[in-house]
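K.L.:
Protein chains in written order, with our numbering: chain A, 1 to 164; chain B, 1 to 164; chain C, 1 to 164; chain D, 1 to 164; chain E, 1 to 164; chain F, 1 to 164; chain G, 1 to 164; chain H, 1 to 164.
Do not rely on the hints blindly, as some may be mistaken.
Claimed, not checked - Below, a list of computed lysine-lysine pairs in the DSSO-like style, where the Cα atoms sit at most 30 Å apart: (1) H:Lys16 - B:Lys98; (2) B:Lys98 - B:Lys16; (3) A:Lys16 - A:Lys98; (4) F:Lys16 - E:Lys98.
Hints listed in this document are in silico derivations from the structure and should not be mistaken for laboratory results.
Protein chains: 8
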Amino acid sequence: MTSRQGPLVAVIMGSKSDWETMRQADEILGQFEIPHECRVLSAHRTPAETAQYVDQAESRGIEVIIAAAGGAAHLAGVCAAHTLLPVLGVPMESASLKGLDSLLSTVQMPGGIPVGTLAIGPAGARNAALLAVAILANSRPALRDKLRQFRKAQRDKVLRETLP
Amino acid sequence: MTSRQGPLVAVIMGSKSDWETMRQADEILGQFEIPHECRVLSAHRTPAETAQYVDQAESRGIEVIIAAAGGAAHLAGVCAAHTLLPVLGVPMESASLKGLDSLLSTVQMPGGIPVGTLAIGPAGARNAALLAVAILANSRPALRDKLRQFRKAQRDKVLRETLP
Amino acid sequence: MTSRQGPLVAVIMGSKSDWETMRQADEILGQFEIPHECRVLSAHRTPAETAQYVDQAESRGIEVIIAAAGGAAHLAGVCAAHTLLPVLGVPMESASLKGLDSLLSTVQMPGGIPVGTLAIGPAGARNAALLAVAILANSRPALRDKLRQFRKAQRDKVLRETLP
Amino acid sequence: MTSRQGPLVAVIMGSKSDWETMRQADEILGQFEIPHECRVLSAHRTPAETAQYVDQAESRGIEVIIAAAGGAAHLAGVCAAHTLLPVLGVPMESASLKGLDSLLSTVQMPGGIPVGTLAIGPAGARNAALLAVAILANSRPALRDKLRQFRKAQRDKVLRETLP
Amino acid sequence: MTSRQGPLVAVIMGSKSDWETMRQADEILGQFEIPHECRVLSAHRTPAETAQYVDQAESRGIEVIIAAAGGAAHLAGVCAAHTLLPVLGVPMESASLKGLDSLLSTVQMPGGIPVGTLAIGPAGARNAALLAVAILANSRPALRDKLRQFRKAQRDKVLRETLP
Amino acid sequence: MTSRQGPLVAVIMGSKSDWETMRQADEILGQFEIPHECRVLSAHRTPAETAQYVDQAESRGIEVIIAAAGGAAHLAGVCAAHTLLPVLGVPMESASLKGLDSLLSTVQMPGGIPVGTLAIGPAGARNAALLAVAILANSRPALRDKLRQFRKAQRDKVLRETLP
Amino acid sequence: MTSRQGPLVAVIMGSKSDWETMRQADEILGQFEIPHECRVLSAHRTPAETAQYVDQAESRGIEVIIAAAGGAAHLAGVCAAHTLLPVLGVPMESASLKGLDSLLSTVQMPGGIPVGTLAIGPAGARNAALLAVAILANSRPALRDKLRQFRKAQRDKVLRETLP
Amino acid sequence: MTSRQGPLVAVIMGSKSDWETMRQADEILGQFEIPHECRVLSAHRTPAETAQYVDQAESRGIEVIIAAAGGAAHLAGVCAAHTLLPVLGVPMESASLKGLDSLLSTVQMPGGIPVGTLAIGPAGARNAALLAVAILANSRPALRDKLRQFRKAQRDKVLRETLP
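If we strip away everything but chain A, and leave its shape as in the complex, we get:
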């Protein structure tokens, strides 16, 4: 999604194969009309570029960073080490350990450098975007209203479900 003003949320992921999952975050942010950008940046294969990107995020006007990675998932932690912005981590579902490795290496951060971690896989991607919206909404009343409508629609959808 290209944004007219600078992006408010950065969505970065360690590998292009994570896009299949992270497009869920992109869709939610688009639905809320949040200016954002999505990038592939690896904590391990492009450490300098990742550090530089994250170091500059604050001055570019970004307010939340969403970082997704799998396996020994260091991306969110590396982001958090390089910025004062809130960082949200999404553990990818990994091939062998089904995301338990991604989850533990994203959430078990040492005291001092927080990463707010969401669920493994698509639900986590979706929720990272929604948590970013909630954070932005703290100082944007119109956005909070949209969030209220989103929640109401979601509730109504459940209430309309019928079983065979």
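Chain A is already provided as a structure; the job is to place chains B, C, D, E, F, G and H on it using the hints.
P.N.:
Relative to chain A, chains B, C, D, E, F, G and H alone:
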């Protein structure tokens, strides 16, 4: 900690025994002079009071809710279900499964209702407070400066460490 | 299944996608001719409606609540917090952690608010219904006789199995 | 606890060392004045006596069986195989795997023979007794009133908690 | 396999669906020309028949019992409780927890009642038969020679493997 | 324990620190008056001596090998690779992973080379000895009688247990 | 790959079925033009040949051994016991436990006999080869230059990734 | 340990509290008279200094980097991202998850950036140093002789062990 203006952060926990861990969050918030309040509220033993407290949080001016619980740790999820505010979850270290149960029941939220989850135990308590500070700092430049100094002090402390 | 008298068992599930598993409970209850109703109600997306539904269950004559959910599976615990009726929990097999998250967040309830938890997935759905039958049978001798016949048929089926 | 009328609840455990945990169930049942009996019976070391005890439970007027065991915890499953009564299982916290083995071998019962499983350790012991009370209360209104008072007292205790 | 003399090894399994795995044991025993019989017997659905079968095994001349089950896999433990013969357990690969539940509920037997446990799934089925052969071979030199040849053939097969 | 005739059971362990656990096996074998020997031999630190010891076991008249190790516990598997005798494995309770590593690396043997694995820690040590007794008893009726008395005494002990 | 000079790296695997994964190591070593050889050798089925192969590796000029195995994966540890050369272990993704067993039985080596362990499955195979290259490059500047180019190409590939 | 020539091995750890474990690596390297240095450097709290230190390691003559960290243990991965040198990772035993988090976040590196991972805790610290020695010994025959003597002494120590 009593606060002169209304609290910006609510720290709630499922049991008084969680205080030993959650005082770490209280201390960090105090150190940053963030008006906040700490309460014992149980998703299971006081569901109505918990729902009511969380329902009113937004209108009381609270901007972030930190919820800590152990075992089948539903508190953060229940909070998230009742508010549009960002909710951060801290999994307590449980007696038998060492917090793995607390972690999974806090972090694995379904798409639609996010909880930003921190590490199990004291590091998570500390980091929930720091993430709340980062969220508040998005619209409070002076707070971001304090956070920058905190990070710098933390960095300098590591760099001064000497080994025998 | 529509019931002529009011339902004795409520089967609720967090998402319509759980029906594929929970129809096993529906079938068992139907087989025993237990009046019951099946509903989609989410602890997180419809918290008020869930609380209201559970609050009224006792006065509607319901005697057992079966609650099924996956991931951070709070539904059974939330039900148990709102009723004095016996609550049985069925952990859904989740996408990434294969139901370990669902199991731990259903079974590891704190002292005071019990959830009787069954196995992950279809076997658990089936067994939740059978345990509900056993509970109802305590004060309904005819139902216990049916249960005795069910068990006998099940035993005979095993004894008739032949291997190639 | 000796009971004037025949026991309504049987609490059995695989080893005398489980008593330290299971006295929590005994205390709750005593508090609710439920006639009950506590016995050591092992699925593995006294299989015939266990089968005989459980086979006779229904005719002795017992309405709920609580079975506690650790490690390869077969006691609850073996009870369930021998009775039509509702069986509740309490996984003991085991020495090496901290009760994960006890939990899985109690809860993962195959379709057809249900065990309603509670949390690992003392919280589970306590909750097994409370779930037994809820089951008995279905046909005993006075007991349900006591349960309502118990829950209220428990709620009030949480609400009275103060933090330093 | 029907055996001319009475069977030396009993292979029992909790469900007919385990046969797909346990035929590996049947094949190995057939290959070594060990008289044996394979039966479906459930610890939970046919407890009396299982106990009776195992109680009589010793007097029928059986020397080793192989028991296979999944989930809360109590079959091997229940066998061991009813016989002085060596009992070998094979944990089935279960649907949700991939056999971790079967493994722990088979291997973690309390002191006093041993079950010699093999690997989860087909490798375990095969190895249970080979361990039974090794046990029988202690007093049958001709069988030990066959086992020696089997091992040699197995070794030679590995040594002949070529990679592309 | 020195034995007048050659040993029938070899108890080997990877480290002297395992003796605290394995003395349970030694005591059981002593109680049954089984000639046996206990040795420290490491799969990793003394591979040649271990291989040689195991290679010679059969010709020395040994009938069962019990091997205990912790962590990446290869000892039982290495023994099994070098002998046709039945090999029983005892996983030690390890410092960090509490024996889960020891268990998986002992029990998950590939098809072709079986290790009959017992429980983690002291119960496993005790049961390895009892399973060895059961194996030896197949061709020693007097030993089976002793085992019958042992089981009876064990059963009677449970039946005599009284609760406060 | 046949090599003109003697091999510098030995890639051994416990079963031919591991080749599907380990060809990734073969490809990387080929890409760096490292003389190497790939062999099937089993710790359990061909212990003598494995020991002999590893014992001779040093005198044949091999500098790094890569060993891959699954389940109770003893191959890397057995190699390490027989050589002073650096041994790298690759845990195979196993059928039931998804490689957790392979990982723990490769990495949890006791003090004194190290195995440098890589990730489960293909990523680990690839990385074992790359770590072998890094080790060889310590005394081969031209190889380090190739490694630098490899890393640069890898980085550039990430930077060129575009999202839809 | 100060070294007269420049260090060949760098031992870095994320926190001073890791020293209690990592002194085992220091002692082994000292025993082999390998010039080395030990430093506290955090991937999260001092990311720039860590990157700079690792970037310069190769030009300073360092040949192996040993990195130790706990929880979401990113230090070894971050080192590997910044150097072509072989990086060995030591997972610290963490408070709540006992090092499983540290292990998975160290070992499960994505293809392209290898970390050779050792066991959790002191055994891993010791073995990281021994693996570094083995790597250095590839081009230093005298060091390989020392390693041979170390192994021999270790073997002799096991062979001298006596049991009570």
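K.L.:
Now tell me if each hint is right for this structure.
P.N.:
Here's how the hints hold up against the structure:
Only pairs whose Cα atoms come within 30 Å are accepted, and lysine 16 of chain H paired with lysine 98 of chain B is accepted, the gap being roughly 24 Å. Between the alpha carbons of lysine 98 of chain B and lysine 16 of chain B the distance comes to roughly 18 Å, so the proposed pair stays at or under 30 Å and holds. This hinted pair checks out: lysine 16 of chain A and lysine 98 of chain A have alpha carbons roughly 18 Å apart, not beyond 30 Å. Restraint check for lysine 16 of chain F and lysine 98 of chain E: not satisfied, since their Cα atoms lie roughly 35 Å apart, outside the 30 Å limit.
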